[in-house]
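Heads up: the sequence shown runs through residues 1 to 858, numbered per our numbering.
Don't read these hints as lab results, they were simulated from the structure. Backbone N, C-alpha and C fix where the C-beta goes; we use that ideal spot for every residue, glycine too. One or more of the hints may lead you astray.
[Stated by the list, open to error] Computed list of lysine to aspartate or glutamate pairs in EDC-like fashion (alpha-carbon distance at most 16 Å, straight line):
#, residue 1, residue 2
1, K407, E444
2, K210, E82
3, K231, E220
4, K425, E387
5, K546, D497
6, K259, D92
[Claimed, not checked] Label-pair ranges, simulated between beta-carbon atoms:
#, residue 1, residue 2, range
7, D624, V843, 38 to 46 Å
8, L208, D510, 26 to 34 Å
9, E80, R354, 36 to 44 Å
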Amino acid sequence: MNRTHVRSLLISSVALLPLLAATANAEPVPADTASPSTDAGFVLYRPIAEALIQDDTEIETDLIVEPDLEPEIEPEPVPEPEPRDYSVSLQDATRDRSSRTLDWRTPQAELRFDLSHADVTQALSVTLSAEPLPGVDATIPLIMQFNGSDPIEIETRGDATNTVINLDPGRARDIGNVLRVSYATSCKAPIGGYQINLDRSRLDVTALPKGHQLELRDVERRFSSLTFAPKSVGLISSGDMATKSQALAAQGVGLRTDKIPTFLTSPRQSDFDIIMLTRSELFEFTQDDAVLLSAGPLIALSNTHANRLFLTGDTEAEVLEAVSAFATASLPDSRLSMTTPDIVFAQSPLDVNRRLVEGSANLDVLTVQTGTQRDYVFDVTDPAASEGALVLRLNRDEQTQAGTRLKASLNGVDLGEAAVRGRRKTVSYPIQKGLLLGTGNRLELTTQDANNRPRCDASVPFIAISEGSELRLNAALPTHPSDLSRFAANGSLFGQDAGAETVMVLPETDRDFTSALTVVAKMARASGRGWIDAAFARGQTEITDKHTLIIEPHSEIEREFRIDAPLALQSAWRGQIPNVDNSQFVEKFASLDGESAVRQAAFTLRSASTTHSGGVAAIFPVDDGRLIGVISNTADSDFSTAIQPLANDLHWNGLKGGVTRWDEQDVIMAQAALPMPIIEPITETIEPTTVSLSLGDRAKGLASNLPDLRLPKPETEALTHWIDSQWTRFSTARQSNTLIVEPFKADTVTAPQSQAISENTFEDTQRPTMTLPHTLSPALVQPAASGLQGRVEGFGNVAAGLRVDLWRHLDIPEQDMKSARLGQAQIIPAALTLIVLFLMFLVGLTFASPPANKPHRR
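Construct all of the structure, not just a fragment, from the sequences and the given hints.
This is the structure in structure tokens:
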């Protein structure tokens, strides 16, 4: 009998004590009339009757019946550990490049990988994919060794091969396994070899858990391992906080894994289960007294199932505390099987190893070196606006031939190549806008021989990257927070302060909900931490004073919101191109040269015309300064299928602009991002109201519909009063010393006044004799003597004098007067120069012709 039935029996016995006392003092019923079926009030079950008899209570035997108890329920048997199969590409297992080359210069490739502390390897095999290079010697086989084993020959006969090699599981180690692949040739055959395709080679492992219970350190290692990471994770929770618990647990998993797994909401169907229930609900999943009889929030591993983690507590709030700790920091590197949230919060945050470049970064912190190639992986916060330079300080040793080259590439685009002829050299490669990604940027530096036919005794080329080599980035003109590239890189305003100002709306159905959790986990990886302070809801939310992020199928989004949504989003839902200015597409690639900009814009428009179904993402600012984000599907597609490509880094980093559409092949920007609205400062106290706007009401105020923004208005009445008073004071002060210029009078004219105009030139005219008033200042005599043009210049000088006197009356410094006059003289030529440059740029775009057979970047 288990603990639950004992507790129920005791409670029932206490409740029957008054009835038993009355029965003991009552008149006994004759045996021939007593019947358990008709006089139940005088019938005693034997266990209770025996207890009363021990207390000297007289009970007739006929009143005692045997209890009709249910059969005792045995606890669920502990399942025996079962072996599991794991399969991963050799590139992922070794975290190496996609391919390695074997030739006479590099006849051997050494590949290292780890297995699991918590499992016993029962079987191990490698499927090797190799392709011959021109001139390969078909008689020379490939040789493989595993942890110092006897050489294994792989006969290729000079052809491509996909060979399965079974390795000895007895030689397997938990960490530091070494797989060597060799091609035994010499410099007498300077051509030929093999290319080992690690991305198409496989590592297959069959492993059995060592015991029924993992250790805390095994959880982190299992999730971070590309070989043993679970492909599916069950998230089991209930109660009012279930949605938030499942979302945060998904983010905790996403922050620990390199590839987002499939999420489920039911147990016993996944590779790993995370149970987020109160202790009173855990009886179905464990009989561990250390978990059930403890108090307070707890993080513990099951002692019966090797891949089950409990995040529990006495209340839902304590359960959420344990979940928040799991989504924020690493579990202790301990052999223990349980811990508390306080201890977890004291560990390293989950983004401690994230290589985020802001400003400049030394290359030493980003290095992942493999042979003659060095890889640097990093993230940026604003990829669309970031640009800069790569500065390399190179050193060549005596064994490396002079003229050895170092090639640099960023995300597959060549930055440049430098030949190092001296012992030291410093080079700088510009990094233009559009080359960077939000997450997972890869900078590759590859050393190459000085010539294509090096001598036999030449050593393997190697150029050292010295101290002071760094990556310098800046974003002089940051993109708007409403740009999807900012969202994909760091969560934008949604992810600030762990999502404290964000509410996330997720699907109602379990199938779509688990698909949306993939995006939720991806957002945590972009921002570097779980959104533990965000609000989460399924279907709809009453919260309207925060940034709203909707991740739902098109059919589940509120109808009013769909109707009042911006035109570009509605067009994207229909799989159409919005009727917008095509200059938006050119603007996206404005950092490129004219030819590349036209090619990229044309490709975007062409892709947009062929992409009709799939996913849709959009961010729009509202007139209250907050953001509304939507991640959904086109009306004619399935939500779960449309969302799945976002788990791919290429699709995720392709989110740009204000509206983006995608399918399995392409990601296209449908509209540029809109700027944030200008919010007028509140100068008066506004009484709080209880009015709550729905999503439909908020959609009517989206900036893309050009709402009437409340812009600051000048105080025209005060300005008018100031001008009147200042001018009146100035006029009064001026009247006393103002010289009145009388009209000019011509006494005599010796000949008719005439003015001839020919070929845009003015001929000299006969000047009349002028009589000037005695009050005219000498400064005006010379201009006035020049006839009609002189009169105009004279009045201009008078006006200039009045203007200077007015500025002095207003206490405006002399330097500001000079600056104003200089600005008047310079602004027109500057404006004309800008117009001419803009016209030249348009002419270049019009007549640029793209070269043939040149690959383009998306």
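Structure-based check of all given hints:
Between K407 and E444 the alpha-carbon distance is near 8 Å, which keeps this suggested pair within the 16 Å criterion. For the suggested pair K210 and E82, the alpha carbons sit about 10 Å apart, so the restraint of at most 16 Å is met. The hinted pair formed by K231 and E220 meets the criterion: a straight-line CA distance of about 15 Å does not exceed 16 Å. Using a Cα cut-off of 16 Å, the hinted pair K425 and E387 is violated, with the two alpha carbons roughly 23 Å apart.
Simply put, K546 and D497 have alpha-carbon atoms about 13 Å apart, close enough for the 16 Å limit, and the pair holds. For the hint linking K259 to D92, the alpha-carbon distance of about 10 Å falls within 16 Å, and the restraint holds. Under the hint 38 to 46 Å, the C-beta atoms of D624 and V843, about 43 Å apart, fit the expected range. Judged by the Cβ atoms, the range 26 to 34 Å given for L208 and D510 holds: they are separated by roughly 32 Å.
Restraint check, E80 to R354: a C-beta distance of roughly 40 Å satisfies the suggested window 36 to 44 Å.
Figure legend: structure checked against the earlier numbered hints; the only hint not met is number 4.
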